[in-house]
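Given next are the chains, with one letter for each unit.
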Amino acid sequence: MNNTRFSFFPMQASTFASQVDWLTITLLILCCIICLIVFGLILFFGIRYRNGSPHSRKIEKQNQQTVEWSWTVGTLVLFLALFTWSTVIYFQMHAPPSDSSEIWVVGKQWMWKFQHSTGKREINELHVPVGKPILLTMTSQDVVHSFFVPAFRIKQDVLPGRYSRTWFEATKTGEYHLFCSQYCGTMHSDMRGKVIVQSQSDYQNWLQSNPPIKIPTLYNRLGCANCHDRTSAIRAPSLIGIFGKRETLSDGSTILVDENYLRESILNPQAKIVKGYPPVMPSYAGQLNEEDILDLIAFIKAQKATQENDPRNSQ
Amino acid sequence: MTQEIANDSVNPSSKNYLNQETTIKSWLLTTDHKRIGLLYLVSITFFFLIGGAAATLIRVNLMTPEGALLSADTYNKTFTMHGVIMVWFFLIPSIPNVLGNFLVPMMIGARDLAYPKLNLASWYIYIIGGMFTFITIIAGGVDTGWTFYTPYSTLFSNSFVIATATGVFITGFSSILTGLNFIATIHRMRAPGLTWFRLPLFLWAIYSTSVILVLATPILAITLILIALERIFKIGVFDPSLGGDPLLFQHLFWFYSHPAVYIMILPGMGVISEVITCFSRKRIFGYKFIAFSSVAIAALGFLVWGHHMFVSGQSVYAGIVFSFLSFLVAIPSAIKVFNWTATLYKGRISYTTPMLYVLGFIGLFTVGGLTGLFLAAMAVDVHVHDTYFVIAHFHYIMVGGMVSAYLAGIHFWWPKISGRLYPEFWGRLAALLLFFGFNLTFFPQFLLGYLGMPRRYHNYPPEFQVLHVMSTLGASILAVGYLLPIFYLLWSLRYGRKASKNPWGATGLEWQAATPPPQFNFHSTPFVTEDPYCYLNEALTEIDFKPQGEVHD
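Line by line, the protein sequences give chains A and B.
Residue 1260 is where the first sequence ends in this note's numbering, and the numbering goes up by one at each step.
Residue 607 is where the second sequence ends in this note's numbering, and the numbering goes up by one at each step.
Keep in mind the hints are simulated off the structure, nothing from the lab.
For every residue, glycine included, the Cβ atom is placed at its ideal position computed from N, Cα and C.
Some hints could be false.
[Claimed, not checked] With a Cα cut of at most 25 Å, we get these calculated BS3-like pairs of lysine-lysine:
#: 1; chain 1: A; residue 1: Lys1117; chain 2: A; residue 2: Lys1077
#: 2; chain 1: A; residue 1: Lys1006; chain 2: B; residue 2: Lys342
#: 3; chain 1: A; residue 1: Lys1006; chain 2: B; residue 2: Lys600
#: 4; chain 1: A; residue 1: Lys1003; chain 2: B; residue 2: Lys600
[As the list claims (entries may be wrong)] Cβ pair distances, simulated, as ranges:
#: 5; chain 1: A; residue 1: Glu1209; chain 2: B; residue 2: Ala122; range: 45 to 51 Å
#: 6; chain 1: B; residue 1: Thr99; chain 2: A; residue 2: Phe954; range: 40 to 46 Å
#: 7; chain 1: A; residue 1: Cys1172; chain 2: B; residue 2: Ala122; range: 57 to 63 Å
#: 8; chain 1: A; residue 1: Gln1232; chain 2: B; residue 2: Pro119; range: 40 to 46 Å
#: 9; chain 1: B; residue 1: Ser369; chain 2: A; residue 2: Met1132; range: 30 to 36 Å
#: 10; chain 1: B; residue 1: Lys288; chain 2: A; residue 2: Asp1196; range: 28 to 34 Å
#: 11; chain 1: A; residue 1: Met1132; chain 2: B; residue 2: Thr99; range: 32 to 38 Å
#: 12; chain 1: A; residue 1: Cys980; chain 2: B; residue 2: Lys342; range: 22 to 28 Å
#: 13; chain 1: B; residue 1: Ala193; chain 2: A; residue 2: Gln1232; range: 38 to 44 Å
#: 14; chain 1: A; residue 1: Glu1047; chain 2: B; residue 2: Ala193; range: 43 to 49 Å
#: 15; chain 1: A; residue 1: Lys1139; chain 2: B; residue 2: Ser404; range: 56 to 62 Å
[Unchecked claim] Derived list of chain A stretches under chain B, where covered just means 3 residues or more per stretch with a C-beta under 8 Å from a C-beta of chain B:
#: 16; stretch: 1003-1011
#: 17; stretch: 1104-1110
Use the sequences and the hints to build the structure in full.
This is the structure we're talking about:
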């Protein structure tokens, strides 16, 4: 690793990095050409037509409209090409591959907290495997933060009250800066960390070492099973296989069960009631912090429907 | 004694707007648009110096990675004050309220603005708003950034958010009233013969700016009220824990603040058009294209606010529309630059101080505008958003561009304003210092931004230090470039050479009035007979221009 060398470009360590850099370099070359033309002409006219110079000032008949429209349309065409190119990359940045592994992120004044799929947690350090797409689902405990890794060329604001996502695939092992780039208060510039990209086997070893302390799952502590278990007396929707399903609501509309809907249903259960169920669930707002909610959602997501436990098979 | 005699020989009627009355009361209660322009000149210079002092503290602090000079909290308050003061108390009122006030009636051959008393009220409202903000600084400051992002500003900040917002809110009314006044004046009070397409391009720019001032500023007022309501009464508008939406604030704020960016550059473009044609001794190239590009910027400027939110979590499809419109809004600016360049062709160019500022403007504005393309391209914006790249981009336009244009205008019209000539050598020196100092300050910030240095950081990883030190060095040169004009312009008030009526041989009606102008500008109503900018580039005679109209003194 050669961190000390001065370079005009930051390190490239994700699949996006070279794509973004190529667009930047193209823009840079185009801008230099435009600057050379404009500044070159200004310099040339400025010297040739300085006051007192002998050159003729007689202006031959010129078609001003043609000149005006050609540089207007020329600029437009150039801009359309740049717009299309950049939009294609932007789309990819918002389309995580379906085989991404998921990591949960909570931003709070002034630290980053991460939780891996195994439940392993870390603060201000994020270990990820190289060559594997990683999907980050992020929320904030307080104000707006922004997750920024220059070497990956990704940035995404992290908002309170909802989940935002970004993804990347690291291409090079090493340690990279992680910055909060949205001003978030007094210690904003200390809300920094590092992303540690490891080989896949190193990452697996790291995940296994110091396994997370088993905490009593919130699901049991809060008594969710009393209603949501299939055998319970009070009827509530079964959570098995519910994630990603489309549910019909009491007003007849349908909704995709995603992270944001689950979060809302925990904090404000009366907002969207699944059709056929009584609106009896109490709100858990104020009892859970953002990490607890992420734990619960991770738990619900893990309740995959199988042949045996799928409620639809055992009526 | 000899001075008084000289004065008489230049201006036989001897009574002008400066010496008509000389009491302090006559200044504080004046309704003369020229005097009100000068009141603004003094007050915005005061705020520029405070904002500049904040910038100095920021740059010194960033000399070392640890941010040794200021504590984190003080640093945050300093950059907030720098932004608030420079945006609302210097840049927005700079050209419109100083040069606009002085020139709008004179350029159209009117005695004053449409509503002279309202004009004075605008200045008092500005001062009251300014004092609110000034007192906030003394009381302890505010640390939200000039953008007041929620929910930080509404529920988390422990500083004087409401007091600052009130100052900005009050000053907004000054902007609205001035905008209204200019619109009414330009519509109703043009001299006979002065059709819309004979208006100097400065007035097209001021007119477009006024439309933005009147339409956009109320949105800011509403947004600031909502912040106060959430902060005081905990009404959930923006904070999700109260049922609000933080992105709503960003939409509202940028719906004002993006058009406001054009308030901060359009008037500058107007000045450039006036000065470049005069010192090229040639008609402006593409009058209608330049005029309509001002209108196009004002209109399109309202539709691009979402390009501040490409990484905020707004919908991908909204992002695509905003990106497309942002590329479109760059076209009218490009048209202007091309037309100014073409104006130089076969001109007879002389390099006075205003012209040097104009050429500096074109250079800095072109770089600022082109780097805007990087930000309109969403894939690149994701990387450079909220970094020093953005800081460099908008300083190139608003400080490099607008302040250069403002100084070009101040020097160009200084003879008319003060009746004296500024010292040419010092003027040119200041213009060159500004250009080089500016580039040294802000060019390294493009590199810093692409390398990943986030904005609003009080300390930073050590690999960024070299570029920060370069930037600070540049800033000290830039500071000299800004301070010099204050000294030599003040000096010229007493010791400068007396100016004749039209020292540049310019065509505008304002140059047909006496120097300095009498209280009501013209002794009789001017009659406009010519298009603007009748400079005869082929003529080799002494008189190489036709004034836009006839004025009988």
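Status of the hints after comparison with the structure:
Straight-line distance between C-alpha atoms of Lys1117/A and Lys1077/A comes to about 11 Å, which keeps the hinted pair within the 25 Å bound. Only pairs whose Cα atoms come within 25 Å are accepted, and Lys1006/A paired with Lys342/B is accepted, the gap being roughly 19 Å. The suggested pairing of Lys1006/A with Lys600/B holds, with an alpha-carbon distance near 22 Å, which does not exceed 25 Å. Distance check on the hinted pair: Lys1003/A and Lys600/B sit about 18 Å apart at the alpha-carbon level, within 25 Å; holds.
Roughly 47 Å separates the CB atoms of Glu1209/A and Ala122/B, a value that falls within the hinted 45 to 51 Å. Checked against the hint of 40 to 46 Å, the pair Thr99/B and Phe954/A passes, with Cβ atoms roughly 41 Å apart. At about 58 Å, the beta-carbon gap between Cys1172/A and Ala122/B stays in the expected band of 57 to 63 Å. Between Gln1232/A and Pro119/B the beta carbons are some 42 Å apart, a value that agrees with the proposed interval 40 to 46 Å.
Separation of Ser369/B from Met1132/A is about 32 Å and conforms to the stated range, judged on CB atoms against 30 to 36 Å. For Lys288/B paired with Asp1196/A, a C-beta distance near 30 Å keeps the hint of 28 to 34 Å intact. Judged by the Cβ atoms, the range 32 to 38 Å given for Met1132/A and Thr99/B holds: they are separated by roughly 36 Å. Range check, Cys980/A to Lys342/B: Cβ separation about 26 Å, and the 22 to 28 Å hint holds.
Distance hint for Ala193/B and Gln1232/A: a CB-CB separation of about 39 Å, consistent with the stated range 38 to 44 Å. The hinted range of 43 to 49 Å is satisfied by Glu1047/A and Ala193/B, whose Cβ atoms lie roughly 47 Å apart. One distance hint, 56 to 62 Å for the beta-carbon pair Lys1139/A and Ser404/B, holds here, with the actual separation near 58 Å. A stretch counts as covered by a chain when three or more of its residues have a beta carbon under 8 Å from one of that chain; for the stretch 1003-1011 of chain A and chain B the count is 3, and the coverage holds.
Under the rule that three or more residues need a Cβ within less than 8 Å of chain B, the assignment of the stretch 1104-1110 of chain A holds, with 5 such residues.
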